[in-house]
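Participant: Full structure from sequences and hints, please.
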Amino acid sequence: MTTQVIPKPGKPWEVSVKERSKTGSLIVLAAILAGALVKLPDLLDEAVVKFPDFLPWDVVKLPNIVEALTGIDGKLGFAISFFLIATALTFFRVLRTSDIRAAKDTLLSSFALLGIVLTLIPIVSIVTTVFIKGYKGIHPGLFFNDMALNSVNDPIKEGGLLHALLGTTLMVFGALLISFPIGVLTALYLTEIRGKLARPIKFLVQAMSGVPSIVAGLFILSSLVYPVTKELSGIMGSFALTILMIPTIARTAEEMLRLIPNDLREAGVALGATQWRTISGVVLPAAKSGLVTAIILGVARIIGETAPLLLVTGGGDALNANPTSGPMGSLPYYIWKAFLTGGTEEAFARAWGGMLVLLVFIFILFGLARFLSGRKVG
Amino acid sequence: MQVSPSSLASVAGNREQRVPGTNLIGSGLETRGVHAWFGTKHVLSDVSLDFAAGTVTALIGPSGCGKSTFLRTLNRMHEFIPTAALAGEVLLDGKDIYAPGTDVTKIRLRVGMVFQKPHPFPSMTIGENVLSGLKLAQLKKNNTDELLESCLTRAGLWSEVKDRLREHGGALSGGQQQRLCIARSLAVEPQVLLMDEPCSALDPGSTFKIEQTISELAKSMTIVIVTHNMQQAARVSDYTAFFLSDGGPGVMVENSPTSKIFSSPTDKRTEDYVTGRFG
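In order, the protein sequence lines correspond to chains Z and Y. Quick note on the working numbering: the first sequence kicks off at 1 and runs consecutively. Quick note on the working numbering: the second sequence kicks off at 1001 and runs consecutively.
Any given hint might turn out to be false.
Straight line, CA to CA, 27 Å or less: simulated DSSO-like cross-link-like pairs of lysine-lysine [to be verified]: (1) K1041(Y) with K196(Z); (2) K1135(Y) with K288(Z); (3) K1117(Y) with K288(Z); (4) K1106(Y) with K1117(Y); (5) K1141(Y) with K1219(Y).
No wet-lab data here; the hints were simulated from the structure. Bear in mind that the values here come from a model prediction, so they are computed numbers and not experimental data.
Facilitator: Okay, here's the thing in structure tokens:
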């Protein structure tokens, strides 16, 4: 019996360690060069070059030349020169080992990387700032108390944001309950029924997504609050948010439904299903994760809205679990009030704490939605 | 591909011949003067064909000759395309399926369809896919387990998937997916089954299994199959109809018993096509 020699599994297509270290050293070199470009002028601040006597110049300060020529200085100067030097170094290295096409390819990769970094900087910066400044405003009592008896300038351990958390949850949930069916039905009209009104409706939905939130608030204020209920309440906030949420949900759901292949609809109909049964039994389940995305985008659109809530909910400071009556607080309102009406150290700590809670709240909601949508289908 | 007509004829002669009319399970289908349009484009002209109960009819012809369009007029899937238009009659057991007041979903329940590309419903497991027709058409059935097994068995898939009924249909190979789609159409117990190039995306092994399935199904239903593969037409069908378009609307050139089409076709154009002189 011959023993078969099984070779060791490898990944020959991957970049070797040697190549990797070469690239790494190139990056380090770029960093050193960039640092030199920015720092050297400072180090040589007093360095003076003595020119030979036969030249017309006498003495020249070096840094003035470098800085005057490039204008590069400081952290931003370092970042820019680092990127340019690293890009140029990798470009010429690939050009030397390979050809111009491969070199252009690395150029594109470099710029794509730059794009990612530029996108991440504000996100990372916002999240870290909120965490660093916000954790001081967090204490357990925050989640059990409201601000009914406290001013924003009181010591941070007093009062809390339970009312704001509850208000935001209730109003966003209420808005979602109204907007989701309306948005999805609109999307179904546009993609499945494709009636005569599809074009004007699509145009209106697009136009509606440009409605400023303050207009949505004023609309509810003048059409419902003043003439009908004559009272500020949480549900009016939900209505105002609904106006902002429907276009986002309808447009996203429409895009997602368009991704479902027509073959699936035909297969459903060919089995003797009515159009409605095909939509509810085949199309919507296949678009499930897309519809969850629509919900996420819709919630993201409204969860930070302050202006309309200020107008129609009155921005309460006391815990109010009844959305049909009385002012209702919300997290954005809590942040707004602490920032603008206080002015003390405590008030700012409250505002940052509120931001942190809002941010974590959003993360939890999105995580939950992703978890509930299950595996990606379609 | 140059194939001598006699070799195809011998393929057609080798299979067990069913005598039409002795097997009255399933429903007969008949078309009278069917024309079809997409927008203003006339794609199919004056097709009158008889599909006797319990027979297998193959529709052959070059691409764009209207055979798939014709197939889709037989269970009213044609109208699913917004610009579609139609003239003529399609009689299922003597009744025009386009008559006013006809419930189109009932027609599609009786005339099932298998498409060119397999597409199991992505949100459902294999088992749910097979029984999806019952759910979608809101049919009540006892013993769904029995039905599930019998459909999968008739589609030739039971032994391969009986232990993985809870997996998603997308996990199957292309050939298995197509047989799953056949099983799915069988669950609502159609009397006629339309197949639109069911094997064109499949390997020879899967094709062979599906052809076996077709022969098995033909004992209990009427089958109309569109195919580009003339050997397949010769292997599975009792009758073969040849469609052709000369740039204008497609017409049905010849409809004969399969052995005759491949041995002594009446029309010169049929002979040219089946011998591989064009197309």
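Participant: Has the given pair, K1135(Y) with K288(Z), been kept, meaning a C-alpha gap of at most 27 Å?
Facilitator: holds, 19 Å
Participant: Would you mind confirming whether the straight-line C-alpha gap from K1141(Y) to K1219(Y) stays at or under 27 Å?
Facilitator: Given pair K1141(Y), K1219(Y) holds - Cα atoms ~23 Å apart, limit 27 Å.
Participant: Can the restraint linking K1117(Y) and K288(Z) be considered satisfied, given a maximum Cα separation of 27 Å?
Facilitator: OK: K1117(Y) and K288(Z) at ~23 Å, within 27 Å.
Participant: Given the hint that K1041(Y) pairs with K196(Z), test it: the Cα-Cα distance must not exceed 27 Å.
Facilitator: holds, 23 Å
Participant: Could you grab the alpha-carbon distance between K1106(Y) and K1117(Y) and see if it respects the 27 Å cut-off?
Facilitator: Holds. K1106(Y) to K1117(Y) sits at ~24 Å (cutoff 27 Å).
When held up to the earlier numbered hints, the structure conflicts with none and fits them all.
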